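Let the hints inform the model, and build the full structure from the sequences given.
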Amino acid sequence: MAKIIVVTSGKGGVGKTTSSAAIGTGIAMRGFKTVIIDFDIGLRNLDLIMGCERRVVYDFVNVINGEANLKQALIKDKRIETLFILPASQTRDKDALSKEGVERILNELAEEFDYIICDSPAGIESGAMMALYFADEAVVVTNPEVSSVRDSDRILGMLSSKSRRAEQGLPGIKEHLLLTRYNPERVVKGEMLSVEDVGEILAIKLLGVIPESQAVLNASNSGQPVILDQDSDAGQAYLDTVARLLGEDVPFRFLNVEKKGLLKRIFGG
Amino acid sequence: MSDHSFELKGSLFPLSVLYCQDLSAAAVKTQLQQKLAQAPAFFYRAPVVINVESVTQVPDFEAIAQVFKELELVLVGVCGASAELKKMAQAAGLASLQLSKSKTPAKESKEKEVKTEAAVAAPVMETKVVEQNIRSGQQIYAKGADLVIRGTVGAGAEVIADGNIHIYGTLRGKAIAGAAGDNQKRVFCHKLEAELISIAGSYWLSDSLQGEYWGKSACIGLQDDKLVLADLL
Ligand SMILES: Nc1ncnc2c1ncn2[C@@H]1O[C@H](COP(=O)(O)OP(=O)(O)O)[C@@H](O)[C@H]1O
Ligand SMILES: [Mg+2]
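Chains as they are written, first to last, in the numbering used here: chain A, 1 to 269; chain D, 1001 to 1233.
Source of the hints: derived by calculation from the structure; they are not laboratory data. Being a predicted model, the structure only gives us computed values, none of them experimental. A couple of the hints might just be wrong.
Stated by the list, open to error - In the BS3-like style, the derived pairs of lysine-lysine whose C-alpha atoms are separated by at most 25 Å in a straight line are: (1) A:LYS99 / A:LYS71; (2) A:LYS189 / A:LYS3; (3) A:LYS205 / D:LYS1143; (4) D:LYS1009 / D:LYS1191; (5) A:LYS205 / D:LYS1216; (6) D:LYS1216 / D:LYS1226; (7) D:LYS1035 / D:LYS1069; (8) A:LYS162 / D:LYS1143; (9) D:LYS1128 / A:LYS162; (10) A:LYS174 / A:LYS99; (11) A:LYS174 / A:LYS162.
What the hints assert, rightly or not - Estimated spans, in silico, between C-beta atoms of each pair: (12) A:ALA166 / D:SER1217: 44 to 54 Å; (13) D:ASP1207 / A:ASN69: 37 to 47 Å; (14) A:ARG186 / D:SER1206: 52 to 62 Å; (15) D:GLY1211 / A:ARG186: 28 to 38 Å; (16) A:GLU103 / D:PRO1047: 28 to 38 Å; (17) D:ASP1231 / A:ASN218: 34 to 44 Å.
Note that CB positions come from ideal geometry on N, CA and C, so glycine has one too.
In structure tokens:
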């Protein structure tokens, strides 16, 4: 049985697409057959982050409308054997998705894949609802600031009331907190909420903490999911995150201000 | 052989009863509109029974039913009706409910009433228990009941009860107790960080709550129209 994981947040620009790409890639690296679906109809940037934008011929909406089949629309990753991307359409409007259509595609994908990662658009409108409706698990991406936390709380409310699992009285969606763009220095200065603050407010299990990192920007500019940059802090933090998602017990890193080494202190860091 | 797919059973439900001397459609409308303005969410599609015991003129039930419809209320029937009024109510498609004798010292009606077990408009104070966190944007309303939240009420969330409210987690959102007007109701919470607390229509914003009890457990009630915070224990 395929596991459907939605990467969601309410707020835009917090790192959903970055995280979808990293987590999907990380799971596929472990040998699971994985597909990442871009639900952000009209914006389309998962394919950019995955570096496959030039290979998009058909998209999610084409498949729903029966204009193409899944085989034609799925893009096979060139780096990882078991990884596929189902891109969003850039030209359609965001109401092009229907619940029945999405369900049909997910069912079809579930026959072949182990993991289906749904990259949600921002907001709490139909597109975001569609992305979370069929989920078994949710990665709630949150930045350590008040408005992002508030929006995540809102999405958690939706997960527990507006999802298929909620409507059918099934066991609830498993919720994970992924704190991204974490900057320990700013936390110490009181400019950002701490891991503890956010954890206490949202009261769900912490899946990972991704530091604010130049590596993320470099990665997205070069069309490489950052998890492939395994020397970087963000890459390692995503590797830890994937391990926890697969049930492993991994200690948290990058939570505290790094003590600058002697050389760095002399030459500036 | 019994057929469980079709059963008719007696049950008790809390219903709002409207007492209004002047039952002209216009008067009913103004009165209802005023009530609704105070708390639109509470009365939205609420079932209502009209007490017609003390009406002086013969009401036009059809017109009244129309007013209820316009205001998105559900007129269920009448109570305390004379035999004549009962017939008229019936003609307008309304039920005739029997007043529970203990609650209302109504004058004995002359005709013999048939005793039924069914639907008596009795106010039952119950407790609604919610076993989860209430998230931003969510609203919980315990109508005619106390409300217990075994979780946290997030900022931007709202919990409302006609009775008392007990929150075992942190109260960061809004809590509205005694929503039907009872000023004896209170809010109890494990950790007070509320945006707003209201009791029987009086309310306080977070600014006026940020004293000794902020971030601690507390019990909040009204005394002579003044907000009183006290230790939970
Ligand atoms: N850990 C991080 N460190 C630095 N920049 C980040 C990090 N995560 C995301 N970003 C940047 O934030 C912006 C929004 O990220 P994106 O994943 O597109 O968010 P969303 O999909 O939630 O809108 C992008 O420019 C991305 O490069
Ligand atoms: Mg995105």
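Which hints, by number, does the structure contradict? The structure conflicts with hints 2, 3, 4, 12, 13, 14, 17, although it agrees with all the remaining ones.
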